[in-house]
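Student: One letter stands for each residue in the lines below.
Number of protein chains: 2
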Amino acid sequence: MIDVTLLGTAGMVPLKNRWLTSLYLYEGGRAVLVDCGEGTQIALSEAGCRLKPIDTICLTHFHADHVAGIAGLLLSMGNAGRTEDVTVIGPPGIASILQCLLVIAAPPFRVIAVEADDSGEEVLRSGNLSIRPFPVKHVVPCFGYQFTLPRHPKFLPEKAEALGIPRKVWKLLQAGESLKLGDRVIRPEEVSGPERRGLKLVYSTDTRPVPILSEMGREADLMILEGQYEDDTKLAKAKEWGHMTFPEAARLARNAGAKELWLTHFSQALKHPEDYADNAASIFPNTVVGRDGMHKTLNFTEEK
Amino acid sequence: MIDVTLLGTAGMVPLKNRWLTSLYLYEGGRAVLVDCGEGTQIALSEAGCRLKPIDTICLTHFHADHVAGIAGLLLSMGNAGRTEDVTVIGPPGIASILQCLLVIAAPPFRVIAVEADDSGEEVLRSGNLSIRPFPVKHVVPCFGYQFTLPRHPKFLPEKAEALGIPRKVWKLLQAGESLKLGDRVIRPEEVSGPERRGLKLVYSTDTRPVPILSEMGREADLMILEGQYEDDTKLAKAKEWGHMTFPEAARLARNAGAKELWLTHFSQALKHPEDYADNAASIFPNTVVGRDGMHKTLNFTEEK
Chain A
1 MIDVTLLGTA GMVPLKNRWL TSLYLYEGGR AVLVDCGEGT QIALSEAGCR LKPIDTICLT
61 HFHADHVAGI AGLLLSMGNA GRTEDVTVIG PPGIASILQC LLVIAAPPFR VIAVEADDSG
121 EEVLRSGNLS IRPFPVKHVV PCFGYQFTLP RHPKFLPEKA EALGIPRKVW KLLQAGESLK
181 LGDRVIRPEE VSGPERRGLK LVYSTDTRPV PILSEMGREA DLMILEGQYE DDTKLAKAKE
241 WGHMTFPEAA RLARNAGAKE LWLTHFSQAL KHPEDYADNA ASIFPNTVVG RDGMHKTLNF
301 TEEK
Chain B
1 MIDVTLLGTA GMVPLKNRWL TSLYLYEGGR AVLVDCGEGT QIALSEAGCR LKPIDTICLT
61 HFHADHVAGI AGLLLSMGNA GRTEDVTVIG PPGIASILQC LLVIAAPPFR VIAVEADDSG
121 EEVLRSGNLS IRPFPVKHVV PCFGYQFTLP RHPKFLPEKA EALGIPRKVW KLLQAGESLK
181 LGDRVIRPEE VSGPERRGLK LVYSTDTRPV PILSEMGREA DLMILEGQYE DDTKLAKAKE
241 WGHMTFPEAA RLARNAGAKE LWLTHFSQAL KHPEDYADNA ASIFPNTVVG RDGMHKTLNF
301 TEEK
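In order, the protein sequence lines correspond to chains A and B. So for the first sequence, full-length UniProt numbering puts the first residue at 1; every next one is plus one. So for the second sequence, full-length UniProt numbering puts the first residue at 1; every next one is plus one.
Keep in mind the hints are simulated off the structure, nothing from the lab. Don't take every hint at face value.
Which copy is meant is left open, so a pair is good if it fits within one copy or across any two.
Unchecked claim - Derived PhoX-like pairs (lysine-lysine); straight-line CA-CA distance at most 25 Å:
1) K271 - K52
2) K16 - K271
3) K180 - K154
Isolated chain A, as found in the complex (with noise of 0.2 Å):
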C-alpha cells in the first residue's frame, strides 16, 4: 500500500489557509515528498505527516513556490533525528541551485542530487517505490512523476507441494528469493501463480496538458493534476503561464483510463475551487478538488 497525502493545493503564492501544493507519499517506513515550498514543513507537521522517514524529495522545477522550504525542512529533518543521506530529484543543474539554497542550512546528513532527464525510466527507487520523472510543458524545464509499487506474484502452495520443498523454506521463495534443494535451485517464480497488478500514481503542476501524462498515468490508480483555472476560459493565461485548467487535467485522465484524478495548485484568484468540481468531472467522472491534508491509501486490488 501507498499512504498519500496531499499537502497544500495552492499555486504560487502560499495563503494563509492554502499551503503550496506538495505531495507526501509513505510506503514501507519510508516517505517521499513532492516539491517542496515556503511552509512546507509546516504543512507536513498539520498533517500529520512525519518528517524523519522522507528520504527522497522529488522536485518539479526550480520556481520559488516549489523549493524554497528545502533548506528549512531538511533542518527540521535534522532535528526529528534523521542523520541518513537524503536524495533530490530535480531538473539538470540541480546540484548547484542545491548547493545555493543550502548556503544557510547544514543538515546533519548528506544530501544527494540527482539529475532527471527526458527518458522517463526509472531514476531511483525508495525502498519499493520506483521514481520516474518525465519532462513536461511549462515556462521553464519541468518534470511530472510517475510512482509505482509492483506486487509479487501469488505463492502457489500446491507447485511448492507438487515441488516437494519443505513448508519450513516456504517463506524465503515467498520473499522472492531462490533456494537450493539437494542439486535443485528453485526459483520463486517456479512456485508463483502470473505477474500482479501493482500501484501507479501521476503527479504533475505546471504543465500545459501535453501527451505524455495520459502516457505515463495509463490506467494509474491515481493522477494528481494541476487545476491552476477553473475553466477554458482562461486558456489564454493557462498557454502564457504553462498551466492547465479543470477541463484539459479532467481530459487527460480520461484519456490515461485512470482510475481517480485530483486536482490541486489553484490559482490565488480561484477561492472555491470545489464550486467548479463539475468542470472536471463532466469530462473524468472520478474527480476530487484537492484540500490541504487530503489523505488516501491506495492498496492492492484483489485480483478477479
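Got chain A sorted already, so can you dock chain B onto it with the hints?
Tutor: For chain B alone, kept in the frame of chain A given last:
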C-alpha cells in the same frame, strides 16, 4: 511616528500557530522588514501589513529561519505591484548569499545588497528612518539593528516675526529648508527651538547579552530582544547556542534605561512563554511577552 508590528515569535522552527520571528516597521509610506524566515510573507498578510511599501530588508544573520522566506517574499512583492529597488542589508557576504537565494526567483525590480559593518554607524536611511546595524554575539556573524527617527526642532513664530519673515514663507522654514529674504539667507535653526527627542527602537535576536545592546538601546522607546529560554536554568544551553534567557534580556533593557521591552524568538519547547513573564518583569517591569501580530505605534512624546 513608527508603526511597529511583530510578525512572529518563533525561534528556529516555524510552528502551526507561531511564525518565525520578524519585524515590520512602517513610517512615512515606507516599510522596513527585519528578517524573513519561511512563512514571513503569510505572517505579513495575516497581520495586515502591506508588501509593496517594503523598501529595505535587514537580515540579522544567514540561518534559514531568518532568511529562507526572502525569495518568496520578493516574488510576492512583485505580484503586489512593486517595481522600485529593494535594499537588503546583512552581514558580510550578503551579495553572494542573495545571488544564491534568488536562483529560484526573479522579482521585477533590482535587489541591492548592502553589507553591515561593526562601526555602529548609519548604513542607510529608509525615508526618515535611520538604520544602524551593530555586531552581536551568536554562533555565526550576527547583527542587531537600531532604528531612529529624528524630530525637527519646534518652529518658533515669535522668532520668525522678530526677523520680519512674511507668514506665507514660514512653511518652508517649518519643513527644514533655508530661504532667501532680500540679501539674507535665513536658516531654519534661526527660527527653531532646541533639538527634540526623536524615536529609537532596537531589535536583536540570536545573541548572547553583550554590552553593545544596552549602548545602542540607550533610552530607547522600545527594545525587541530574544528570550529563547524562559529562565537562567537554561544558561548552559543559551551559551552553547548563542541565545538569551528572559532575565538576561530584561537586564539589558534595564541597563539601557529603555522605556519598554518586547520578548520574542521563543524556543519550540517553550509552549506558553507568557507564563514566564515575571522572570523578566521582576527585573524590568515594562516587559511584554511577544505575540504574533502584536502592534504598537511609537509617537513623539510632548516636551515638558
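Student: All the hints need checking, so say for each whether the structure fits it.
Tutor: Against the structure, the hints:
no., hint, result
1, K271 - K52, "between (33 Å within a copy, 22 Å between copies)"
2, K16 - K271, "both (12 Å within a copy, 22 Å between copies)"
3, K180 - K154, "within (21 Å within a copy, 100 Å between copies)"
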